[in-house]
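Trainee: Chain residues, written in single-letter form:
Number of protein chains: 2
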Amino acid sequence: MRCGNGIEARQVDELFINIDPIQAGGRLTADAMKAVIAYGDGYSVCDNCRKPNRLDYISKPPIAEFHKDVAAWLNMDTVRTVPGARRGFQAVAHTYVHKGDPVLLTSLSHYTEFLAIEETGGIAREIPVDADHKVTPEATATKIEEVKREFGRVPALAFIDHVDYQYGNMHDVKAIAKVAHGYDIPVLYNGAYTVGILPVDGKDLGVDFVVGSGHKSMAAPAPSGVLAVTAERAAEVFRTTTIVGDVTNRKFGIKEPEMMGCTLMGATLVGLMASFPHVKERVKHFDRELENNAIVMDALLAIEGTTCLSEYPRKHTMTRVDTTASFDTIAEAHRKRGFYFSSALGEKGITGLIPGATKIWKFNTYGTTKKQAMHLADAFIAVACENGLPLKK
Amino acid sequence: MRCGNGIEARQVDELFINIDPIQAGGRLTADAMKAVIAYGDGYSVCDNCRKPNRLDYISKPPIAEFHKDVAAWLNMDTVRTVPGARRGFQAVAHTYVHKGDPVLLTSLSHYTEFLAIEETGGIAREIPVDADHKVTPEATATKIEEVKREFGRVPALAFIDHVDYQYGNMHDVKAIAKVAHGYDIPVLYNGAYTVGILPVDGKDLGVDFVVGSGHKSMAAPAPSGVLAVTAERAAEVFRTTTIVGDVTNRKFGIKEPEMMGCTLMGATLVGLMASFPHVKERVKHFDRELENNAIVMDALLAIEGTTCLSEYPRKHTMTRVDTTASFDTIAEAHRKRGFYFSSALGEKGITGLIPGATKIWKFNTYGTTKKQAMHLADAFIAVACENGLPLKK
Numbered sequence: 004m005r006c007g008n009g010i011e012a013r014q015v016d017e018l019f020i021n022i023d024p025i026q027a028g029g030r031l032t033a034d035a036m037k038a039v040i041a042y043g044d045g046y047s048v049c050d051n052c053r054k055p056n057r058l059d060y061i062s063k064p065p066i067a068e069f070h071k072d073v074a075a076w077l078n079m080d081t082v083r084t085v086p087g088a089r090r091g092f093q094a095v096a097h098t099y100v101h102k103g104d105p106v107l108l109t110s111l112s113h114y115t116e117f118l119a120i121e122e123t124g125g126i127a128r129e130i131p132v133d134a135d136h137k138v139t140p141e142a143t144a145t146k147i148e149e150v151k152r153e154f155g156r157v158p159a160l161a162f163i164d165h166v167d168y169q170y171g172n173m174h175d176v177k178a179i180a181k182v183a184h185g186y187d188i189p190v191l192y193n194g195a196y197t198v199g200i201l202p203v204d205g206k207d208l209g210v211d212f213v214v215g216s217g218h219k220s221m222a223a224p225a226p227s228g229v230l231a232v233t234a235e236r237a238a239e240v241f242r243t244t245t246i247v248g249d250v251t252n253r254k255f256g257i258k259e260p261e262m263m264g265c266t267l268m269g270a271t272l273v274g275l276m277a278s279f280p281h282v283k284e285r286v287k288h289f290d291r292e293l294e295n296n297a298i299v300m301d302a303l304l305a306i307e308g309t310t311c312l313s314e315y316p317r318k319h320t321m322t323r324v325d326t327t328a329s330f331d332t333i334a335e336a337h338r339k340r341g342f343y344f345s346s347a348l349g350e351k352g353i354t355g356l357i358p359g360a361t362k363i364w365k366f367n368t369y370g371t372t373k374k375q376a377m378h379l380a381d382a383f384i385a386v387a388c389e390n391g392l393p394l395k396k
Numbered sequence: 004m005r006c007g008n009g010i011e012a013r014q015v016d017e018l019f020i021n022i023d024p025i026q027a028g029g030r031l032t033a034d035a036m037k038a039v040i041a042y043g044d045g046y047s048v049c050d051n052c053r054k055p056n057r058l059d060y061i062s063k064p065p066i067a068e069f070h071k072d073v074a075a076w077l078n079m080d081t082v083r084t085v086p087g088a089r090r091g092f093q094a095v096a097h098t099y100v101h102k103g104d105p106v107l108l109t110s111l112s113h114y115t116e117f118l119a120i121e122e123t124g125g126i127a128r129e130i131p132v133d134a135d136h137k138v139t140p141e142a143t144a145t146k147i148e149e150v151k152r153e154f155g156r157v158p159a160l161a162f163i164d165h166v167d168y169q170y171g172n173m174h175d176v177k178a179i180a181k182v183a184h185g186y187d188i189p190v191l192y193n194g195a196y197t198v199g200i201l202p203v204d205g206k207d208l209g210v211d212f213v214v215g216s217g218h219k220s221m222a223a224p225a226p227s228g229v230l231a232v233t234a235e236r237a238a239e240v241f242r243t244t245t246i247v248g249d250v251t252n253r254k255f256g257i258k259e260p261e262m263m264g265c266t267l268m269g270a271t272l273v274g275l276m277a278s279f280p281h282v283k284e285r286v287k288h289f290d291r292e293l294e295n296n297a298i299v300m301d302a303l304l305a306i307e308g309t310t311c312l313s314e315y316p317r318k319h320t321m322t323r324v325d326t327t328a329s330f331d332t333i334a335e336a337h338r339k340r341g342f343y344f345s346s347a348l349g350e351k352g353i354t355g356l357i358p359g360a361t362k363i364w365k366f367n368t369y370g371t372t373k374k375q376a377m378h379l380a381d382a383f384i385a386v387a388c389e390n391g392l393p394l395k396k
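Chain order of the listed sequences is H and W.
The first sequence runs 4 to 396 under this note's numbering.
The second sequence runs 4 to 396 under this note's numbering.
Hints were generated in silico from the structure; no laboratory data involved.
Be careful, since some hints might not be right.
It does not matter which identical chain is used: a pair holds within one copy or between any two.
Stated by the list, open to error - List of simulated lysine-lysine pairs, DSBU-like, C-alpha gap at most 30 angstroms:
no., residue 1, residue 2
1, K54, K339
2, K151, K102
3, K137, K54
4, K373, K54
5, K71, K206
6, K102, K254
7, K63, K351
Since this is a predicted model, take the numbers as computed values, not measurements.
Make the full structure from the sequences, and use the hints.
Mentor: Rendered as structure tokens:
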């Protein structure tokens, strides 16, 4: 079936159990699917835009209420929607980082945080991770001291990923933020893998900014996300425009330069809003998600030679495993080479692994039912057995 | 019908002839509606993302081909998609404008261009318009000379709206760009009201950047848009990342800082792509759109006291009229006050006017059929007659 010239209709999550590491949290809810159709037209949310003419003031659909609800849910003071978490990073970096300023992030930080720093002319300084691939408050303090010696000043901003994209490890943001705040460094909490997945309490974490991704973890269409800030920081990041036209003397009301005015005017925003009640509910049941992940991990680790590169037991469903000494040993002699692995899983109704990858790979069981988790577990064991890989006793 | 908690399904374009000035060009095509459902899930276009891992290299769905097609269609060299035209302005401003730099725009420029300048620390300088609300090459030259005297240097960049948002007037971008280039000022063509509406040839216009809006004029969901540039400028605006992790020595491939990496990862992009063949076709028939606009304008101007504030005859379907001496004269004594006007039109199946506005207002007939245009014309005349307003002889 086609949905346009040369565009095949995508049916990945309809036909398969999808364990793609970045797609699991962004599958639309049924309400979001209805919303993208009902609000698909370009400026669809602007029907009832009245003075002061800003997206977050619109009450029909209930955009204003949504902004307040998200702020309360994250225990922060002010929220704006953004076209992706990365645009939240950009807005914050642009507010605090000037050319030549050192900026703190971690050895596991996402590339979009680096780009946000690069775009402002900042200089990236990574906190090293320990042997377990964890960022510690001690390493944070040491790195800040190093930056002070190198630059004669502390970093202008710190980006800390609660759960990193490489290992899915959970880092102690609360303790790290405390260290950074001891040096008066504002802290941005990157919740791309947590906001919409598990409970997040910004005030308890003691962070200045919470950034979430709609399309990664809030069951919303791309590009979408949220930037939640404390009242103190709101006046800085969400400052309103002061520019004036020199000929017309025009001013531009309460539009916010870092947001470039209104942000998500249609399907993306209403998709995010429609999924929100479901997202609020699902974060309360993250324990079930970890149980399902454990079912799959138990199976993988039962295959001789397979190791978990992520922290274990798992605190997040996105997991990195090493099958160099198990599934990869088959690849060389297999007629499909490394593609045998994703191919065999595909035959069992499983997708989301990079085709050809048999050494180190990531997967995400988020959103699977227990039955699906058991099917995944059985499938990995079956592919191992079919290829003569030994199981642990 | 609801599409989520408290969110009424929008049925504006299903139930009414919608002449909202900003919504007319952003109504989805049927193919785009299919696309937003099929590709609604967050990172839906990333199923087949392979090295070098950048959005515009993905061939299934045919994203790479789409980028090439859009560049050819606009007669420019390189295209990227952006989350709204404003994010195109931001990327270009950020590349060329430094703190304190003067930037040229016009007395009719959109607020998002001002915000792009403000965000980079630039200083806005408006080209005055003439008595007909047109920006001329002569006024451009005069303003550049003024800026030179004031700042000791020429503007770092010029934003020129081909069709402005206030009057829908068409400005002579080709001649204006020639003047700006005489001073080596790069020119950004703001095609928010033209790209996707009428034919645009970037090389013929002689501009460095063409920015279009998906949700305003390309029948796409928000936020979406395109930034098309010349080969010379591509190396500047689309330069690739050079930042390096100091601990990990990580580099980030061919990601582009001004784009913040990948831009539109799902429904927005595929919506834009699905509508594109229809959009390419519709720009060839803009003459029909002007004919329909003329049907409506003839009716409005037949009502004694009504004047057209936009250039006339119309060169664009988005039009500003003054009914202070016609429809507004009824408002004071009417029990519905000024709301009688939009209310009476609503009863005739017409929407998109700001409720209560009876003095100066804008409308856009884009996308109406001839029959709908005739209905609009009849409706305006009928509301005039019902309220005892005289028609011209």
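Trainee: Checking K373 and K54: alpha-carbon separation at most 30 angstroms within a copy, between copies, both or neither?
Mentor: For K373 and K54, the Cα distance exceeds 30 angstroms both inside one copy (49 angstroms) and across copies (34 angstroms).
Trainee: Check K102 against K254 for me: Cα-Cα at most 30 angstroms, and say if that holds within a copy, between copies, both or neither.
Mentor: both (28 angstroms within a copy, 20 angstroms between copies)
Trainee: With 30 angstroms as the alpha-carbon cut-off, assign the pair K54 and K339 to within, between, both or neither.
Mentor: between (62 angstroms within a copy, 20 angstroms between copies)
Trainee: Using 30 angstroms as the alpha-carbon threshold, which applies to K71 and K206: within, between, both, or neither?
Mentor: Intra 16 angstroms, inter 47 angstroms, cutoff 30 angstroms: intra-copy only.
Trainee: For K151 vs K102, is the C-alpha pair at or below 30 angstroms within one copy, between two copies, both, or neither?
Mentor: both (17 angstroms within a copy, 26 angstroms between copies)
Trainee: Evaluate K137 and K54 at a C-alpha cut-off of 30 angstroms and name the case that applies: within, between, both or neither.
Mentor: Between copies, since 28 angstroms is at most 30 angstroms while 48 angstroms is not.
Trainee: Can you tell me if K63 and K351 fall within 30 angstroms by alpha carbon in one copy, between copies, both or neither?
Mentor: between (45 angstroms within a copy, 23 angstroms between copies)
Checked against the numbered hints given earlier, this structure breaks only hint 4.
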